[in-house]
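**Student:** Chain order of the listed sequences is A and B.
Going by my numbering, the first residue of the first sequence is number 1, and it counts up by one from there.
Going by my numbering, the first residue of the second sequence is number 168, and it counts up by one from there.
No wet-lab data here; the hints were simulated from the structure.
Among the hints, erroneous ones may be present.
[Unchecked claim] Straight line, CA to CA, 35 angstroms or less: simulated DSBU-like cross-link-like pairs of lysine-lysine: (1) Lys-58/A <-> Lys-79/A; (2) Lys-37/A <-> Lys-265/B; (3) Lys-61/A <-> Lys-277/B.
[What the hints assert, rightly or not] Chain A is faced by these chain B residues, among others (derived, beta-carbon under 7 angstroms): (4) Ser-224; (5) Ile-232; (6) Ala-274; (7) Val-276; (8) Tyr-286; (9) Ile-290; (10) Thr-293.
[As the list claims (entries may be wrong)] Only some residues are given here: those of chain B computed to face chain A with a beta carbon under 10 angstroms: (11) Val-233; (12) Arg-235; (13) Gln-239; (14) Phe-244; (15) Gly-248; (16) Gln-269.
Predicted model only: the values in this text are computed from it and were never measured.
Note that the Cβ used here is the ideal one computed from N, Cα and C, for glycine as well.
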Amino acid sequence: MRDADRHVSRSAFAYLFSEMVQYHTSRIRSAGELELKLHEVGQRVGAKTLELVTIREKLMKRESGVIEMLQFVSSTCWKSLFGKVADSLERSTDCGNEYMIHEFEPITNCFVSIPTDLGHLNCAAYIAGILAGMLDCAHFPAVVSAHAMPAPDRTASNTVFLICMLD
Amino acid sequence: SPTNHRTMPMLLIVGSREPLYEAEFSTGPQSKTEDTAHLNQFILHSAMDMVDDAAQSTNNMYLRIVDRFNDQNVFAFVTAGNIRFLLLHEGRNEEQVKAFFQEVYEAYVKLLMNPFYSYDTPICSTSFDQRIQAIARRYL
C-alpha cells in the first residue's frame, strides 16, 4: 500500500481484463448487459481506489465541492490508476449538472476488438463504473457512462466519460 | 452513574446503513456491568447526528470532539468514502486521538485492499481486530 511507485504491467492488466470480459460474456445475453456487468465490477473497484489514493496523499482531507472532487478524480486518481492525468475535464455548457472527462485510448479499449454481434459495446464501461463508484461513496452520486467519439485523424477513437450529477 | 467505575474506551466503525465494527479496549482492571455496555453503544449511536453536522462544516477527516456525555467524549473521523470512526473515551487529548484514528484509517484501507472484503460491509476479520487492539494499546 505504501509502495505507490510499483506499477503493474500493461500486458498483465490487459490479460486480466480480457479474462474478466470473457467470463462475463459467457453469462450475458446482450451487449448492454455486458456493459452493465463491467460497470458494476468497476464500481466495486472505485470505492476502494478512492480510499487508497486519498490515504497516499496524506492530506487527511475530503473534497466538499463537485468541481474539486472531479479535479481530484481526473488528476490524482487518474494518475494512480493509469499513470497519467486525464486528457481533459469539461463542464457541459447546456446542462449545468453534466461534466465530461476525455481520455484518448483508455487501457480497457487498447487491445479490444468488438465482434459484430456486440456492436455498440464499449469496454470503457469498466472505467465509467470506477468513476461512478468513487463519486458515489464520496456522496456525489452520478450516472457515469462511456462514449466513443470517432476522431477523423486517428485510427482509435477518443473516449468521453459523461458524468451526470444526480443532485 | 457510579463514578468509581472506569469505563473502557470504545471504537465504532459506521457505514452508510449499519455499524460495521465495534471494539472495546480494556485499560486495566475494572468492573463492567451489562448497563455500561448498552450505555456506551447508545452514547455513540446518538452522537451520529453530531458527527454528520461536523462533517458538513469542514473538509478535515478528523472532527475532534463532536459530543460529550457525563465525563466521556465522543471523537469522530470521516474517511474519503464517508465511513465514520467514532471513539468514546474519557481522555481529552485531541492530538493523541488524531494519531490513533490515522492508524485505524491505515488498518482500514489495508483491509479494503483485500479483494474478499466489500466496501461498506460488516468487518469480520480477526487480524483487523488484533491490529486495532494493538493500535489502541499504543495510543489510548
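**Student:** Indicate, hint by hint, whether the structure satisfies it.
**Tutor:** Consistency of the hints with the structure:
no. : hint                   : verdict
1   : Lys-58/A <-> Lys-79/A  : 16 angstroms, holds
2   : Lys-37/A <-> Lys-265/B : 40 angstroms, violated
3   : Lys-61/A <-> Lys-277/B : 19 angstroms, holds
4   : Ser-224                : 10 angstroms, violated
5   : Ile-232                : 17 angstroms, violated
6   : Ala-274                : 11 angstroms, violated
7   : Val-276                : 5 angstroms, holds
8   : Tyr-286                : 4 angstroms, holds
9   : Ile-290                : 14 angstroms, violated
10  : Thr-293                : 20 angstroms, violated
11  : Val-233                : 16 angstroms, violated
12  : Arg-235                : 23 angstroms, violated
13  : Gln-239                : 24 angstroms, violated
14  : Phe-244                : 9 angstroms, holds
15  : Gly-248                : 4 angstroms, holds
16  : Gln-269                : 7 angstroms, holds
Consistency with the previously given hints fails for numbers 2, 4, 5, 6, 9, 10, 11, 12, 13, ordered from lowest to highest.
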